[in-house]
Amino acid sequence: MKLEIISFGKISEFITGQEIEVSEIDNTDQLQQYLETSFPQLLGMKYKLAVNQNIIQANQQLTENDQVAIMPPFSGG
Amino acid sequence: MKLEIISFGKISEFITGQEIEVSEIDNTDQLQQYLETSFPQLLGMKYKLAVNQNIIQANQQLTENDQVAIMPPFSGG
Amino acid sequence: MSEKKIKNIFMDGAISPAFIADSIAQHSTKTAIGGHSIFMGQVRRDEINGKFVAAIDYTTYQEVALAKMHEIREAIFEKYPLSCMHVHHSLGKIKAGEICLFVFTSSAHRKPAIDACNELVERIKAELPIWGKEIFEDESHQWKENI
Amino acid sequence: MSEKKIKNIFMDGAISPAFIADSIAQHSTKTAIGGHSIFMGQVRRDEINGKFVAAIDYTTYQEVALAKMHEIREAIFEKYPLSCMHVHHSLGKIKAGEICLFVFTSSAHRKPAIDACNELVERIKAELPIWGKEIFEDESHQWKENI
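Chains as they are written, first to last, in the UniProt record's numbering: chain A, 1 to 77; chain B, 1 to 77; chain C, 1 to 147; chain D, 1 to 147.
Hints in this document: simulated from the structure, not taken from any laboratory. Cβ atoms here follow ideal geometry from the backbone N, Cα and C, with glycine treated the same way. Check before you lean on any hint, since a few could be wrong.
[Unchecked claim] Calculated pairs, EDC-like style, for lysine to aspartate or glutamate (alpha carbon to alpha carbon, straight line, at most 20 Å):
hint : chain 1 : residue 1 : chain 2 : residue 2
1    : C       : K30       : D       : E47
2    : C       : K93       : C       : E139
3    : D       : K111      : C       : E122
4    : D       : K125      : D       : D22
5    : D       : K111      : C       : E71
6    : B       : K48       : C       : E145
7    : D       : K111      : C       : D46
8    : C       : K30       : D       : D46
9    : A       : K46       : D       : E127
10   : A       : K48       : D       : E47
11   : A       : K48       : D       : E63
12   : D       : K30       : C       : E47
13   : C       : K93       : B       : E13
14   : C       : K111      : D       : D46
15   : B       : K48       : C       : E71
16   : C       : K111      : D       : E122
17   : B       : K48       : C       : E63
[To be verified] Now the stretches of chain B that chain C is said to cover, found in silico as 3 or more residues with beta-carbon under 8 Å:
hint : segment
18   : 8-18
19   : 71-77
[As the list claims (entries may be wrong)] If you only want the chain D side, here are some residues facing chain A, beta carbon under 8 Å, derived:
hint : residue
20   : L101
21   : P129
22   : N146
Only chain A is shown next, with the shape it has when bound in the complex (with noise of 0.2 Å):
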């Protein structure tokens, strides 16, 4: 499956926006294992995910092309 990441914030120096092309993975919390494998300075992080930009609560599905987005808390104001 195709999966399109975008990154933010502090995330952003560390993961830059790029397709990936992943297999056995099915949903976010599948995607999230696969990330702090690849990344893991997202160990230990507090960080949230947005598909096809809604920010999402809990584990969901996943399909070929979404766009995921890595945030970091928000410290705007």
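Following the hints, position chains B, C and D against chain A.
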């Protein structure tokens, strides 16, 4: 005893600034009775007194040449 | 009362947006500030018994108001870690749509500025001897009462 | 999501006092308004490990931030009887002492404007995907975290 009376807001429309000469008045409770007799429009109105620029919360002795202000409810802001 | 100089919060006529902008701009050199809170009172064109308020004419018992404001100012500075506090109130005839009260507080973090601003507005309305005469479009009037 | 147009709250660079004055002045024709509440966030020259913050560089996930802000806006209008609500947030490099957030609410009586303004500030800080990179005077940086 001579007192100076000043007034504000709605009350200034029927009590103008004036010096009054009163006898048998020693304190603000007595003055208040005198004022409500002289200016019956005060009856039923809420108002506060200030003696020599200090807003009073309870009955207070008056002395010669005191300045007494009669103030309706505040409406600033 | 402390030795600090009593500030005059009163100004003749409406408080202009330019005056407010100026006041804000003066804080750009105070780089310990992280949050500003502002309250502005604006004269409403209220309809009362079919007549519209055209303006409010404000008067005060100035000596007493300024002494009381000084006391409030010191209490608020004591209670909240503020960098700045500014209060301005109009006197005279302020037309509907114009600004008659400007309260401006600043602090390193937002909470003290916000809480102090709110408390100031409540105390100013309740404790300062200021009176507003609502003047209708036909020149008749009634005295405003704070609710 | 309703049919109302999604407003863009973002602007490049600092929010100027003149911009704020303009926004205030535009409300003088809205004569049902009696109270305005404003919150402004200003970049602090914080000292962190002996280095001073010179600026904060703000970025956002704009589509998500604007959709979330739209949702917040509708919730606040639903909850409080407001006449107006304006929110502006800076993007890019904002120097210490400059204003990066401007929240402005107005209502007939003061309470709804004040409460709505406070709630907006809290929700903006907690819910909008915006990130601030604190840039020190020596060009090094660290990522800001809201407390």
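Hints and how they fare:
1. At most 20 Å may separate the alpha-carbon atoms for a hinted pair to count; K30(C) and E47(D) meet this at roughly 14 Å.
2. Distance check on the hinted pair: K93(C) and E139(C) sit about 12 Å apart at the alpha-carbon level, within 20 Å; holds.
3. Restraint check: the Cα-Cα separation between K111(D) and E122(C) comes to about 10 Å, which is no more than 20 Å; the hinted pair holds.
4. For the hint pairing K125(D) with D22(D), the CA-to-CA distance comes to about 25 Å; that exceeds 20 Å, so the pair is violated.
5. Under the criterion of a C-alpha separation no larger than 20 Å, the hint pairing K111(D) with E71(C) is inconsistent with the structure, at around 24 Å.
6. Distance restraint check for K48(B) and E145(C): the Cα-Cα separation of roughly 15 Å lies within the 20 Å cut-off, and the hinted pair is therefore satisfied.
7. Restraint check for K111(D) and D46(C): the C-alpha separation of about 17 Å stays at or below 20 Å, so the hint holds.
8. The suggested pairing of K30(C) with D46(D) holds, with an alpha-carbon distance near 12 Å, which does not exceed 20 Å.
9. For the suggested pair K46(A) and E127(D), the alpha carbons sit about 15 Å apart, so the restraint of at most 20 Å is met.
10. Straight-line distance between C-alpha atoms of K48(A) and E47(D) comes to about 29 Å, which puts the hinted pair past the 20 Å bound.
11. A distance of roughly 16 Å separates the Cα atoms of K48(A) and E63(D); the hinted pair therefore holds under the 20 Å criterion.
12. With a CA separation close to 14 Å, the supplied pair K30(D) and E47(C) stays within the 20 Å bound.
13. The straight-line distance between the Cα atoms of K93(C) and E13(B) is roughly 17 Å, inside the 20 Å bound, and the hint therefore holds.
14. Proposed proximity of K111(C) and D46(D) is supported: the alpha carbons are some 18 Å apart, at most 20 Å.
15. With a CA separation close to 19 Å, the supplied pair K48(B) and E71(C) stays within the 20 Å bound.
16. A threshold of 20 Å between alpha carbons decides the hint, and for K111(C) with E122(D) the separation of about 10 Å falls inside it, so the pair holds.
17. Between the alpha carbons of K48(B) and E63(C) the distance comes to roughly 16 Å, so the proposed pair stays at or under 20 Å and holds.
18. Figure legend: the segment 8-18 of chain B, annotated as covered by chain C; annotation consistent (3 residues with Cβ-Cβ distances under 8 Å, at least 3 required).
19. Coverage of the segment 71-77 of chain B by chain C holds. Counting CB-CB distances below 8 Å, 7 residues qualify, and the rule asks for three or more.
20. At its closest, the beta carbon of L101(D) sits 5 Å from a beta carbon of chain A; the interface hint therefore holds under the 8 Å criterion.
21. Residue-level restraint check for P129(D) holds (minimum Cβ-Cβ distance to chain A is 6 Å; threshold 8 Å).
22. Because the closest C-beta pair between N146(D) and chain A is about 5 Å apart, less than 8 Å, the hint holds.
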